[in-house]
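> Model the full structure from these sequences, guided by the hints.
So the protein lines, in turn, are chains A and B.
Residue numbering for the first sequence follows the numbering used here, beginning at 1 and increasing consecutively.
Residue numbering for the second sequence follows the numbering used here, beginning at 1 and increasing consecutively.
Hints in this document: simulated from the structure, not taken from any laboratory.
Owing to the predicted nature of the structure, the values given are computational and were not obtained by experimental measurement.
All C-beta atoms in this analysis are idealised placements derived from N, C-alpha and C, irrespective of residue type, glycine included.
One thing to keep in mind: the hints can contain errors.
What the hints assert, rightly or not - So, partial list: chain A residues that the calculated Cβ filter (under 10 Å) puts toward chain B: (1) Val39; (2) Asn56; (3) Leu78; (4) Pro82.
To be verified - Short, incomplete list of chain A residues facing chain B, as computed with Cβ under 8 Å: (5) Val50; (6) Ser54; (7) Arg88; (8) Arg90.
As the list claims (entries may be wrong) - Chain B residues, not near chain A, derived (Cβ > 10 Å throughout): (9) Ser109; (10) Gly150; (11) Gly177; (12) Val305; (13) Lys361; (14) Ser368; (15) Arg406.
Each chain, written out:
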Amino acid sequence: MATISREEVAHLARLSRLAVTDEEIDMFAGQLDTILQAVARVGEVDVEDVPATSHNVDLVNVLRDDVIDACLDRDLALAGAPDPFSNRFRVPQILAEGE
Amino acid sequence: MLSFDDVVARYEPVIGLETHVELGTQTKMFCGCPTVFGAEPNTQVCPVCLGLPGSLPVTNKAAIEATVRIGLALNCSIASWCRFARKNYFYPDMPKNFQISQYDEPLCSDGYLDVEVDGELFRIGIERVHLEEDTGKSLHVGGATGRIHGATESLVDFNRAGIPLVEIVTKPVPGIGARAPEVAKAYVAELRDVIRTLGVSDVKMEQGSMRCDVNTSLNKLGETWGTRTETKNVNSLRSVERSVRSEMIRQGNILENGGHIIQETRHFHEDTGESTSGRSKETATDYRYFPEPDLVPLAPDATWVKELKAALPELPRVHRARLTAEWGLSALDMQSILNAGAVELIEQTVAQGASPEAARKWWLGELSRHANERGIELGDSGVTPSQVAQLQKLVDEGKLTDKLARQVLEGVLAGEGDPAEVMAARGIEVVSDTGALTVAVDEAIAANPDIAEKIRGGNQAAAGVLIGAVMKTTRGQADAKTVRELVLSRLSN
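As structure tokens, then:
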């Protein structure tokens with residue numbers, strides 16, 4: 001049975017602002033399904049006595065003091081931006097009217 | 001069209017408030033960039049807050065401490081272990097395409113804040129206090145309103161991206177009926193005072209270091225809670241009250257006409273006092289939260305938390321109770337001072353040497369009237385506590401009468417400088433030179449022989465005419481009491 005539906009793929013594409021065609025949704029749904037089924041095999045392992053973790057290093061409270069460090073020079077900061085304007089990062093339209 | 005009174009007669013509001021507070025740390029939440037307000041665009045950025053590949057966040061200890069202190073001041077439990085989470089979304093105001101926030105494991109939870117409105121106590125439940133990073137600032141270009149909708153492009157400044165931001169979320173507040181707008185305002189005011197007292201943020205709503213979202217719903221009396229809307233962009237205490245009131249009226253009229261409330265984000269407009277519809281809100285699952293893999297968990301040490309709790313300063317409610325006693329006020333007096341937003345202003349004026357009565361008289365009298373007429377906060381009138389104390393000192397020293405002092409205050413309000421400078425520039429001073437006054441009194445006696453005769457005959461009430469004549473020749477700059485004494489002494493037998 002498929003682990004991800006066409007609707008879910010379309011929804012994720014919308015959240016990510018990716019324009020996908022109907023054909024692409026079918027293609028990605030199939031590909032994602034294969035990936036998800038492979039990952040789902042991890043769920044078959046017996047982990048009853050293993051505590052859940054979100055980090056592979058067993059540390060807590062890695063903190064730094066509130067001390068100022070050097071910033072990037074602005075020209076350097078903007079150097080990787082495709083279309084800077086007026087010392088800012090220029091981005092295309094975010095939301096259309098009524099969206 | 002239902003009025004506010006009609007709405008509260010038929011419906012019961014439930015409100016909830018989400019307040020964001022930018023912490024006043026020297027550096028950002030996860031990197032060492034400075035946090036100075038108003039710096040040139042994109043000059044306070046580094047690979048971490050620009051989300052450049054390979055960079056890794058490291059948590060600011062001072063931000064954790066400040067958040068724990070806020071939680072403790074709000075009577076919250078402090079988590080013994082918690083994690084940050086990634087909140088994913090596509091807006092370009094975070095260069096990483098996600099914001100580091102907290103989701104189901106907030107640093108502080110389950111507290112309360114007591115708030116007073118006209119002597120009545122409201123206990124506002126605090127659901128959670130969590131820590132996240134602020135977003136960059138976007139300038140939307142090409143649209144009619146400067147808003148994101150309809151803009152053709154946006155310009156982003158990441159100086160603010162990554163500044164530690166504390167979000168304080170109340171539990172839903174039902175059962176307050178017509179008081180909902182006032183309670184909402186009083187809550188935000190009290191929260192602001194608490195945070196200012198802790199010294200962890202400058203909590204300036206007009207600069208955006210404190211921002212408020214207001215949730216409002218209505219239900220028919222005795223029925224289950226209705227669908228809520230979230231009003232954003234509420235950027236002053238006055239607007240908190242206005243936004244709850246206008247949203248209650250808007251929803252009440254929709255429901256009364258058989259309509260349904262849509263769960264949505266609305267934008268408040270300071271100029272009209274109304275809100276307009278924003279986008280329909282993405283749901284929590286749309287943000288695809290998951291534990292931040294680049295950060296290890298936080299585990300605040302219990303002993304450290306205890307020490308922070310013991311070291312909390314005197315909080316505003318306790319502080320006000322002490323001032324009420326020290327200043328010899330009634331609870332009602334203090335409430336009117338609190339409502340006017342004048343507690344700190346009066347306290348600072350007293351600290352500059354004025355008596356509590358005099359300080360209260362100026363701030364609740366002339367200055368409150370001035371602020372109300374202009375629809376501004378009392379503290380924003382441009383007059384400082386020090387100037388009020390200087391003004392009162394001039395009155396106490398007999399250099400100004402009350403009447404002249406009010407003229408001087410007008411000058412101070414108009415930006416003409418300190419009271420002494422206004423006096424010099426406008427040529428305002430009490431004529432205290434008794435030589436000059438005596439001449440004026442003698443002229444008045446000579447011009448009104450019949451009145452003078454009456455006073456000589458023991459009719460002291462007649463002195464008013466002569467005092468009036470003297471005040472006229474001295475253009476109001478004489479002290480009426482001194483003139484009266486002079487008149488009576490010149491005409492005594």
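> A separate judgement is required for each hint: does it hold in the structure or not?
Comparing the hints with the structure gives:
Given hint, valine 39 of chain A at the interface with chain B, is violated; its Cβ is 14 Å from that chain's nearest Cβ, farther than 10 Å. Interface hint at asparagine 56 of chain A: satisfied, since its Cβ lies 9 Å from the closest Cβ of chain B, which is below the 10 Å cut-off. About 6 Å separates the beta-carbon of leucine 78 of chain A from the nearest beta-carbon of chain B, less than 10 Å, and the hint is met. For proline 82 of chain A, the interface hint is violated, since its Cβ never comes within 10 Å of a Cβ in chain B; the closest pair sits about 12 Å apart.
The closest approach between the C-beta of valine 50 of chain A and any C-beta of chain B is roughly 16 Å, which is over the 8 Å cut-off, so the hint fails. Hint status for serine 54 of chain A: holds, given a least beta-carbon distance of 4 Å to chain B, under 8 Å. Satisfaction of the interface hint for arginine 88 of chain A is found here, the shortest Cβ-Cβ separation to chain B being roughly 4 Å, below the 8 Å cut-off. Among the interface hints, the one on arginine 90 of chain A holds; its C-beta lies about 6 Å from the nearest C-beta in chain B, closer than the 8 Å criterion.
Every CB of chain A lies more than 10 Å from the CB of serine 109 of chain B, the least distance being 19 Å, so the non-interface label holds. A beta-carbon of chain A is positioned within 10 Å of the beta-carbon of glycine 150 of chain B; the least distance is around 4 Å. The beta carbon of glycine 177 of chain B is kept farther than 10 Å from every beta carbon of chain A, the shortest such distance being approximately 36 Å. Consistency note on valine 305 of chain B: stated as away from chain A, and its beta-carbon is indeed over 10 Å from all of that chain's, at 13 Å minimum.
For lysine 361 of chain B, the non-interface assignment is confirmed: its Cβ lies about 43 Å from the closest Cβ of chain A, beyond the 10 Å cut-off. Listed as outside the interface, serine 368 of chain B is consistent with that label: its C-beta sits roughly 39 Å from the nearest C-beta of chain A, beyond the 10 Å cut-off. Even its closest Cβ contact with chain A, about 47 Å, leaves arginine 406 of chain B beyond 10 Å, as expected for a residue assigned away from the interface.
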